[in-house]
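Starting from the structure of chain Z, add chains H, G and B where the hints point.
Number of protein chains: 4
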Amino acid sequence: MFTEMIQPRFSETDALGHINNTVVAVWFEACRTPIFQIFSPELDLQRWPLIVASIAIDFKAQLHYGDEVEVRSWISRIGNSSFEVTQQAWQQGHCCAEGRAALVRFDYQSQKAMPLSSEQRAALEQHNQ
Amino acid sequence: MFTEMIQPRFSETDALGHINNTVVAVWFEACRTPIFQIFSPELDLQRWPLIVASIAIDFKAQLHYGDEVEVRSWISRIGNSSFEVTQQAWQQGHCCAEGRAALVRFDYQSQKAMPLSSEQRAALEQHNQ
Amino acid sequence: MFTEMIQPRFSETDALGHINNTVVAVWFEACRTPIFQIFSPELDLQRWPLIVASIAIDFKAQLHYGDEVEVRSWISRIGNSSFEVTQQAWQQGHCCAEGRAALVRFDYQSQKAMPLSSEQRAALEQHNQ
Amino acid sequence: MFTEMIQPRFSETDALGHINNTVVAVWFEACRTPIFQIFSPELDLQRWPLIVASIAIDFKAQLHYGDEVEVRSWISRIGNSSFEVTQQAWQQGHCCAEGRAALVRFDYQSQKAMPLSSEQRAALEQHNQ
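Residue numbers (my numbering), protein chains in the order written: chain Z, 175 to 303; chain H, 175 to 303; chain G, 175 to 303; chain B, 175 to 303.
With the rest of the complex left out, here is chain Z (with noise of 0.2 Å):
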């Protein structure tokens, strides 16, 4: 599991006083930046090497301005070319939100998916859980 904090910010509430839904969606990319460092150890943007397939987030209470979140992230599933990354935050002890992306290795010259190597599924194994 990959842990990271996040200090949300002022421009991430909206009118109803809480952080945004679509701001989780944001820091869960952000959050999975471990992750892209098994596919470019040197976030190498000229080789990116992934593409996002889908994203679902269940929102379960609301994230509040001013307390540290805590975004927890783990491969839920490994398939031939895409796995699932699974992901949490956490505020002051509850699970506000969960989501799923769905990332696919990816060669943005030919458009196409790629299955992924030995390694990568190796690497990504070691954060099941």
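Simulated from the structure, these hints should not be mistaken for laboratory data.
It cannot be assumed that every hint is accurate.
Which copy is meant is left open, so a pair is good if it fits within one copy or across any two.
Cut-off 20 Å, straight-line C-alpha distance, at most; resulting in silico cross-link-like pairs (EDC-like, lysine to aspartate or glutamate) [to be verified]:
id	residue 1	residue 2
1	286	232
2	234	281
3	234	299
4	234	272
5	286	258
6	234	244
7	286	178
Frame of chain Z; chains H, G and B shown alone:
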């Protein structure tokens, strides 16, 4: 069906040269405004009547800067207190992303879900395709 | 003068119930697209011709969700390699924010500023008010 | 001086491969949280005590994804009701952006500026470099 036009913004691209996936969640929320108006014609933020329970988005093709996007939104399910909005982002004749959002009629003061009124239900039913 | 209409988005509000100040910077950049097209009619991201040297925004009144915003943009200064865009955000008959952005014609490959061509200068001069 | 660390997010890049200029305004606001706490230790959004009168940012070098950013903030001017925060974004030993924000002590109920108290003034003076 509700139809809204979005002009992609330069700041909405990412280093891969396309619209960042998290932006689609923002566009979809923005294009739910006419649905919000079923519940609050004045869009009264002091008595906001809805909460987002979940969102899910499938990314089918890359969206790019420089061409307008048409977002189509309709009501795909009506429950007791909740309903589902399905939304699509079209660019140059392609459906590039499709999402679903589950919204709940919600009283922020008592922090409780509330059943949809028959008027709200009837209004939602008019946009079920 | 260029005029663009912006529909404020729910996610652009903040906990104070108005549009967050950082959003105006995003709107102003979005509304410089017709100015970008003077330099790159196709908005070719592979050969982007401009870089932002500075921005400044004065906030005069609070912008709110639920009413359209008109952004007016014009060229307020033309230098050798650079020029200044002045922009205003109007809502319900009030100028709520005014900003200036200094843009520089820039070659990203050599990482150098380039003098404006006489054609670019002439095109900018057509929008100096 | 206040110092905050920012981990640039993938969604904060733009098609030019660097951090979009509008993101710096967001980071700078986020890093004013310890200054907000001088006015509202609990960050009480119901009685928010400040409004932004203006922001200005000079971009000196391109900020990139993959390396941490240090934001330094200090009080560069104290007026009667207002004060100015100067902020810098440093990455890999370079000052990449410098900005100023003018903040005003503000009563949202009466919609009026209020003079800084002597306690607030003293607290601000402790962070004047």
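Query - Up to 20 Å CA-CA - residue 281 versus residue 234, copy category - result: Close across copies (16 Å), not inside one copy (36 Å); limit 20 Å.
Query raised in the report: When no copy is named, should residue 234 and residue 272 be tagged within, between, both, or neither for a Cα gap of at most 20 Å?
Result: Classified as within: same-chain Cα gap 8 Å, cross-chain 23 Å, threshold 20 Å.
Requested in this report: At 20 Å max between alpha carbons, let me know whether residue 286 reaches residue 232 within a copy, between copies, both or neither.
Outcome: between (30 Å within a copy, 17 Å between copies)
Report task. Since the copies are identical, ignore which copy is meant and state whether residue 234 and residue 299 lie within 20 Å (CA to CA) inside a copy, between copies, both or neither. Result -> For residue 234 and residue 299, the Cα distance exceeds 20 Å both inside one copy (28 Å) and across copies (27 Å).
Report task. Measure nothing new, just compare the shortest in-copy and cross-copy C-alpha distances for residue 286 and residue 258 to 20 Å and report within, between, both or neither. Result -> Classified as within; 18 Å inside a copy, 33 Å across copies.
Query raised in the report: Checking residue 234 and residue 244: alpha-carbon separation at most 20 Å within a copy, between copies, both or neither?
Result: Within one copy only: 15 Å inside a chain, 30 Å across chains, cut-off 20 Å.
Requested in this report: Since the copies are identical, ignore which copy is meant and state whether residue 286 and residue 178 lie within 20 Å (CA to CA) inside a copy, between copies, both or neither.
Outcome: For residue 286 and residue 178, the Cα distance exceeds 20 Å both inside one copy (31 Å) and across copies (31 Å).
In terms of the numbered hints stated before, the structure departs from hints 3 and 7, listed from lowest to highest.
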